[in-house]
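With the hints as constraints, model all of the structure from the sequences given.
These protein sequences, in sequence, are chains S and R.
When we follow the working numbering, the leftmost residue of the first sequence carries the number 67, and every step to the right adds one.
When we follow the working numbering, the leftmost residue of the second sequence carries the number 1194, and every step to the right adds one.
What the hints contain is simulated information worked out from the structure, not anything from laboratory work.
Don't take each hint at face value.
Stated by the list, open to error - Quick list of in silico lysine-lysine cross-link-like pairs, BS3-like style, CA-CA up to 27 angstroms:
id	chain 1	residue 1	chain 2	residue 2
1	R	Lys1546	S	Lys161
2	R	Lys1400	R	Lys1428
3	S	Lys122	R	Lys1423
4	R	Lys1428	S	Lys151
5	R	Lys1480	R	Lys1651
6	R	Lys1727	S	Lys161
7	S	Lys122	R	Lys1667
8	R	Lys1667	S	Lys79
9	S	Lys143	R	Lys1386
10	S	Lys163	R	Lys1546
11	S	Lys143	R	Lys1340
12	S	Lys163	R	Lys1730
13	S	Lys161	R	Lys1730
14	R	Lys1678	S	Lys122
15	S	Lys163	R	Lys1386
Unchecked claim - Partner residues aside, some chain S positions facing chain R, computed with beta carbon under 7 angstroms:
id	residue
16	Leu78
17	Lys79
18	Asn100
19	Pro111
20	Pro132
21	Ala167
Bear in mind the structure is a predicted one, so any value in this text is a computation, not a measurement.
Ideal Cβ positions, reconstructed from N, Cα and C, are used throughout, including at glycine.
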Amino acid sequence: MSTSAGLPRRILKETQRLMAEPVAGISAIPAEDNARYFHVEITGPKDSPFEGGIFKLELFLPEEYPMAAPKVRFVTKIYHPNIDKLGRICLDILKDKWSPALQIRTVLLSIQALLSAPNPDDPLANDVAEQWKVNELAAINKVLTVLDMI
Amino acid sequence: MGNSCFGKRRRTDHAYGPQVPQNVNSRGEEAQLWSPVPRLYPDRPHNGIVMLRGSHMFTCDMNYIWNMDVESLVLLTLKEIRRLVDNNQEPPLSIIRLNEIGESESGWVQVVQAMISTIPMDDPLGPAVIALLLDECPLPTVETVEKLYDILKPSAELAQEALHLPAKHRNFTCILGCVAGILAGLKSVELLKDSVLEYLLTLLDPKFAQEVVLFALVALEKFAQTGENKATIRKSGIQEKLMELEKYQDSSLTKFREVGFCAQWCLDNTLPIDGRTLTFEGLSMEKCNVILNDHDVSEYLKISADGLEARSDALSFESVRSTFCVDEGTWYYEVLVLTDGVMQIGWATKQSKFLNHEGVGIGDDEYSFSYDGCRQLYWYNAKSRPHDHPQWKPGDIIGFLIDLEKKQMVFSRNGISFPPVNDVFQSVCSGFFAAASFMSFQQCRFNFGMTPFKFPPKVPFKKFNDYAFLPPEKKIILPRFQKMKLLSSMSISESSCSICCDMDANAKLVPCNHGGLCMDCAVQVEQCPLCRVKISKRIQLSPADPGLYQDEIG
Chain S
67 MSTSAGLPRR ILKETQRLMA EPVAGISAIP AEDNARYFHV EITGPKDSPF
117 EGGIFKLELF LPEEYPMAAP KVRFVTKIYH PNIDKLGRIC LDILKDKWSP
167 ALQIRTVLLS IQALLSAPNP DDPLANDVAE QWKVNELAAI NKVLTVLDMI
Chain R
1194 MGNSCFGKRR RTDHAYGPQV PQNVNSRGEE AQLWSPVPRL YPDRPHNGIV
1244 MLRGSHMFTC DMNYIWNMDV ESLVLLTLKE IRRLVDNNQE PPLSIIRLNE
1294 IGESESGWVQ VVQAMISTIP MDDPLGPAVI ALLLDECPLP TVETVEKLYD
1344 ILKPSAELAQ EALHLPAKHR NFTCILGCVA GILAGLKSVE LLKDSVLEYL
1394 LTLLDPKFAQ EVVLFALVAL EKFAQTGENK ATIRKSGIQE KLMELEKYQD
1444 SSLTKFREVG FCAQWCLDNT LPIDGRTLTF EGLSMEKCNV ILNDHDVSEY
1494 LKISADGLEA RSDALSFESV RSTFCVDEGT WYYEVLVLTD GVMQIGWATK
1544 QSKFLNHEGV GIGDDEYSFS YDGCRQLYWY NAKSRPHDHP QWKPGDIIGF
1594 LIDLEKKQMV FSRNGISFPP VNDVFQSVCS GFFAAASFMS FQQCRFNFGM
1644 TPFKFPPKVP FKKFNDYAFL PPEKKIILPR FQKMKLLSSM SISESSCSIC
1694 CDMDANAKLV PCNHGGLCMD CAVQVEQCPL CRVKISKRIQ LSPADPGLYQ
1744 DEIG
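This is how it looks when you write it as structure tokens:
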């Protein structure tokens, strides 16, 4: 792998673009002294139970990136069937459906979309998924409790 | 195995596959409420703990452990950590129990207080265990940490107590550093109260035990990861104190050297001051032909300006290789051990991977072999076997001899050689770099032969420094802030490969006909990155005429 001062050009390019053309509702800022580590904030999508919330995530680009997926997790607590209480995310593109053509920006957009459309049939947090399937309204109320909005 | 000295957990839940986010210790600044913690890795014990709490791991020890007080649990953990070396071992019950206690706010404070009062000064794994246990427990809130402040009341006056209670304050400063690292961002700004800053600054005084000075310094450095704190700390007059402490860099006492190293590193990397020459600018590197490779190192290892000394203050298992590798003949290098905790030092080829967040380092794959003088183990292919050398102590010289004709390695401690080992030659026979992995708060110095060896082997051997060559620009360990500046000023050509952004996009995939990537990347993927169609052939386009096919790779 060819690198510039130890950092692959691919990461450099993505970072420059993230800074120059930020995505609406998403911010990703590299750590001051680790260019593989990003502080991320995603705002809860409009018309979703998460609207009004600001969610902090951490994103790390492993050595193999982009041949391997970035590692992402929520650091803000979130009540969501595909996100467990440690913030781990169940999302196919972060696992077997990863492609090196995907980028930090596309990954974060997918996570934002996951907030709009929780998928209780592929759960990571089983109890949450169960609740979501049995009584969606109650689940959404729970989301709002966690968000401190009711 | 490093931090994962607890080993890897069995997993049944698909969701915890290798995709789970891993932690990186945030060095970030602005506006982050939470910092990353190595909390999520599948090999890491907390996952095991989450699983285990459910059901199946009730053993006869359970009741016993569950009735122990927190202090005894901490001491038991300290003892058990040393024995945990196997990949498939369950985490010790004492950790599971402490993690459970730490779930509540009062429990967290209790666990932390127990660590402060019980962890003895002389245990080589003490601070590393503090870091591990804090990482195990759920993240504290600012309020929880404030509860701890209410109990301990950090202040300039309290610092004086460190004169007669060094262990308590070494442990407390170590905890402050870990918490600052875990909660980097806005929370860390809230946590750096004036009284806490005064407490830590007062401790930066050589009249206190060196361990206390060291951990106060590390704590301030971790607080300074957050921009706002950095500004506050800069204004506090810390630099003068650091410049005093920096003088200990070459002390003959290892504890002083640790302080000197951290002070200098901080001045060069975290808190540079106008008017002070950066250490690397004042060094003559003329005679030095081999250093630790600043481009072949996991991200948190601190390398000295002269490239020969390294230290980790991170939670991950940090690794580095030398700039020079050996293919034939007999070679020798020495390492001065400066801390007596877990380091795995030895030989590694380029194929050996550094997976710092997974606790994988030198000796944890088939391409490397290492010596661990703390747990008294040899490591090869992530398996360990005991050696009967005495436990290492700061100041020890470990010798590393490799004979590529006889295919064997000989390790020695202060000139006493031990029987040769040859495990690694089953997989590789050449391309060996000197290499080392470091658990939290460990440090050592390499001698590749630029200065005379303390215990040269009796057999004929070669020195790296006599055969290696490094152009002057490669002998520079650039301070982090300069490195980041350099990175952001680089530009990338538009015709480059969309995957690596490095080579020319000169490949076309068959049957989907997608292009835009280089041949190097094309051979690494089985499916087209754009349409996921299985690739049957990769065609290399001529650089002059993109339409002309030069080469085909099936």
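Hint check results:
1. R/Lys1546 x S/Lys161: holds, 21 angstroms
2. R/Lys1400 x R/Lys1428: Measuring from Cα to Cα gives roughly 23 angstroms; hence the hint holds.
3. S/Lys122 x R/Lys1423: Within the cut-off at roughly 22 angstroms; holds.
4. R/Lys1428 x S/Lys151: Since the Cα atoms of R/Lys1428 and S/Lys151 sit roughly 39 angstroms apart, the hinted pair is violated (cutoff 27 angstroms).
5. R/Lys1480 x R/Lys1651: holds, 25 angstroms
6. R/Lys1727 x S/Lys161: With a Cα-Cα distance of about 18 angstroms, the restraint between R/Lys1727 and S/Lys161 holds, given a limit of 27 angstroms.
7. S/Lys122 x R/Lys1667: Roughly 38 angstroms between the alpha carbons, so the hint for S/Lys122 and R/Lys1667 is violated.
8. R/Lys1667 x S/Lys79: Holds: R/Lys1667 and S/Lys79 sit about 24 angstroms apart, inside 27 angstroms.
9. S/Lys143 x R/Lys1386: holds, 26 angstroms
10. S/Lys163 x R/Lys1546: holds, 24 angstroms
11. S/Lys143 x R/Lys1340: Holds: S/Lys143 and R/Lys1340 sit about 22 angstroms apart, inside 27 angstroms.
12. S/Lys163 x R/Lys1730: holds, 21 angstroms
13. S/Lys161 x R/Lys1730: Between S/Lys161 and R/Lys1730 the Cα gap is close to 25 angstroms, so the pair holds against 27 angstroms.
14. R/Lys1678 x S/Lys122: Measuring from Cα to Cα gives roughly 26 angstroms; hence the hint holds.
15. S/Lys163 x R/Lys1386: With a Cα-Cα distance of about 46 angstroms, the restraint between S/Lys163 and R/Lys1386 is violated, given a limit of 27 angstroms.
16. Leu78: holds, 6 angstroms
17. Lys79: Result: holds, 5 angstroms to nearest chain R Cβ.
18. Asn100: Nearest chain R Cβ about 5 angstroms off; hint holds.
19. Pro111: violated, 20 angstroms
20. Pro132: holds, 6 angstroms
21. Ala167: With a closest approach of 4 angstroms, the S/Ala167 hint holds.
Checked against the numbered hints given earlier, this structure breaks hints 4, 7, 15, 19; the rest are met.
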